[in-house]
Amino acid sequence: MAWNQTNNHKPELDPWGKKNSPEQDYSEKKEQKKSNEKKTSINFKKIFYNFNNIINHTTNSKNLLNKKIHPFLILVVIVFFIWCASGFYTIKEAERGVVTNFGKFSHLVEPGLNWRPVFINDVQAVNVETVRELATSGVMLTSDENVVRVEMNIQYKITDPSSYLFSVAYPDDSLRQATDSALRGVIGRSTMDRILTEGRTLVRRDTQKEIEETIQPYHMGLTILDVNFQTARPPEEVKSAFDDAIAARENREQYIREAEAYANEVQPKAHGKAQRILEEAKAYSSRIILEAQGEIVRFLKILPEYKKAKEMTLKRIYIESMERLLSHTKKVFIDKNSNSTLFLSLNNFISDQKKHNKSFLNLTKPIQHKSNFLKKDQEINYLSSLSPNHFLKQRRINSIRNDIKNIERE
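At position 350 of the sequence shown the residue is numbered 350 (UniProt numbering), and the sequence of numbers has no breaks.
No lab work stands behind these hints, which were simulated from the structure alone. There could be a bad hint or two in this list.
Pair ranges (Cβ atoms, derived) [what the hints assert, rightly or not]:
(1) V131 with T201: 34 to 40 angstroms
(2) R287 with V266: 53 to 59 angstroms
(3) N251 with S143: 43 to 49 angstroms
(4) Q254 with E279: 36 to 42 angstroms
(5) Q216 with S137: 21 to 27 angstroms
(6) E129 with Q254: 54 to 60 angstroms
(7) S181 with I256: 49 to 55 angstroms
(8) Q216 with F72: 30 to 36 angstroms
(9) E145 with P217: 31 to 37 angstroms
(10) V123 with T159: 38 to 44 angstroms
(11) V266 with S143: 48 to 54 angstroms
(12) E133 with W83: 27 to 33 angstroms
(13) A248 with E129: 43 to 49 angstroms
Below, a list of computed lysine-lysine pairs in the DSSO-like style, where the Cα atoms sit at most 30 angstroms apart [said to hold, decoys possible]:
(14) K92 with K104
(15) K269 with K282
(16) K92 with K157
(17) K239 with K157
(18) K310 with K282
(19) K157 with K104
(20) K315 with K301
Values in this document were obtained by computation on a predicted structure and should not be read as measured data. Where a beta carbon is used, it is the ideal one built from N, C-alpha and C, also for glycine.
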């Protein structure tokens with residue numbers, strides 16, 4: 001039978017067209033059953049294989065993703081964020097930030113929140129508001145070859161932070177050395193008396209000036225605010241002698257100040273008194289001149305009458321003079337031929353006589369004090385006012401003035 005020939009539901013024949021025997025059919029069925037079992041087992045394997053392929057494919061896809069985002073890249077990103085966050089810093093109000101780029105000065109930073117690239121830029125905060133102090137002292141030799149111990153305090157502040165950090169290696173130590181050098185130079189040019197007494201202010205000023213001139217070429221970024229010359233004292237061996245000398249100078253200064261105060265108090269009084277005396281002298285001179293002129297005028301008026309009637313004029317002048325003279329005397333003249341009885345109060349008469357004698361003694365008494373001259377002038381003025389035109393009284397007054405002048409000369 002041919003290979004492509006159908007059997008029409010007849011028992012199968014072998015390839016040569018012969019009918020198979022039952023044993024052969026049984027063996028064929030058995031083999032077919034084995035083959036079917038084999039095919040069935042093969043299909044399960046294929047299914048398991050396919051399932052494994054799917055799982056492996058999923059695992060491979062995850063591995064592919066893991067290969068695309070490498071752990072090192074994640075580490076780099078984290079480090080970058082940490083680097084950026086660590087670059088923020090704050091500068092205080094009294095400070096200024098000095099920024100350096102790989103160790104080289106870049107710029108200054110104002111107070112507040114700022115950022116810098118770490119490991120590239122570095123920032124140093126410098127306080128520019130605080131007033132710093134520097135104290136120095138030592139035993140030094142003066143120009144007059146004396147030894148004195150001096151203590152000085154310097155106040156300064158930073159005005160240029162970049163110059164303060166980079167111009168000089170150790171600016172504070174450099175300032176200390178400049179201060180010591182300037183102080184020794186000024187003390188060496190001064191005497192001990194000047195240092196210990198009135199020259200302290202000049203020493204302080206000269207020291208500050210020399211310190212500024214010394215540090216200026218170095219551009220240290222410092223500004224000297226004040227130099228306090230605290231103490232200057234001699235060695236202990238001669239301290240007591242110098243204390244006595246200083247005390248004597250202080251006493252001298254005190255006496256000078258007291259004398260000046262006294263002079264300032266007395267001089268205005270003396271000037272006022274001198275001015276008053278001058279005014280009184282001018283007034284007295286004017287009065288005497290006017291009185292003399294009045295006498296001249298009076299005699300010139302009497303002269304024509306005297307030429308006409310000499311006896312009558314002389315008698316009238318005599319009577320007027322006696323009237324003025326006797327009107328101020330305490331003496332009582334009576335006519336001896338009169339029979340009238342007079343009653344006099346002897347107590348009043350005696351007391352008035354004592355006062356008159358006392359005033360006369362005061363006029364002739366030597367003057368011992370300046371105030372007496374004024375009293376004499378007042379008495380002279382009083383006598384002149386009583387009889388300004390009487391020549392006898394005028395002579396008395398002139399004689400008293402001459403006595404006063406002689407006493408003043410003595």
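The hints, checked one at a time:
1. Hint check: V131 to T201, Cβ distance near 22 angstroms, so the stated range 34 to 40 angstroms is violated.
2. For R287 and V266, the Cβ-Cβ distance of about 31 angstroms falls outside the hinted range of 53 to 59 angstroms, so the restraint is violated.
3. N251 and S143 have their C-beta atoms about 26 angstroms apart, which leaves the hinted 43 to 49 angstroms range violated.
4. Between Q254 and E279 the Cβ separation comes to about 38 angstroms, which falls inside the hinted range of 36 to 42 angstroms.
5. Taking 21 to 27 angstroms as the suggested C-beta distance range, the pair Q216 and S137 conforms, at roughly 25 angstroms.
6. Look at E129 against Q254: about 44 angstroms separates their beta carbons, and that is not inside 54 to 60 angstroms.
7. With their beta carbons about 37 angstroms apart, S181 and I256 fall outside the hinted range of 49 to 55 angstroms.
8. For Q216 and F72, the Cβ-Cβ distance of about 57 angstroms falls outside the hinted range of 30 to 36 angstroms, so the restraint is violated.
9. For E145 and P217, the Cβ-Cβ distance of about 32 angstroms falls inside the hinted range of 31 to 37 angstroms, so the restraint holds.
10. Distance hint check for V123 and T159: the Cβ-Cβ separation is about 19 angstroms, which falls outside the suggested range of 38 to 44 angstroms.
11. For the pair V266 and S143, the supplied restraint of 48 to 54 angstroms is violated, since their beta-carbon distance comes to about 42 angstroms.
12. Remark: the range hint 27 to 33 angstroms for E133 to W83 is contradicted by a beta-carbon distance near 41 angstroms.
13. Checked against the hint of 43 to 49 angstroms, the pair A248 and E129 passes, with Cβ atoms roughly 47 angstroms apart.
14. Proximity of K92 to K104 is assessed by CA-CA distance (about 23 angstroms); at most 30 angstroms being required, the pair is judged to hold.
15. For the suggested pair K269 and K282, the alpha carbons sit about 20 angstroms apart, so the restraint of at most 30 angstroms is met.
16. Simply put, K92 and K157 have alpha-carbon atoms about 17 angstroms apart, close enough for the 30 angstroms limit, and the pair holds.
17. Using a Cα cut-off of 30 angstroms, the hinted pair K239 and K157 is violated, with the two alpha carbons roughly 36 angstroms apart.
18. Taking the CA atoms of K310 and K282, the gap is near 39 angstroms; set against the 30 angstroms cutoff, the hint is violated.
19. Using a Cα cut-off of 30 angstroms, the hinted pair K157 and K104 holds, with the two alpha carbons roughly 24 angstroms apart.
20. A hinted pair counts as satisfied when its Cα atoms are at most 30 angstroms apart, and K315 with K301 qualifies at roughly 16 angstroms.
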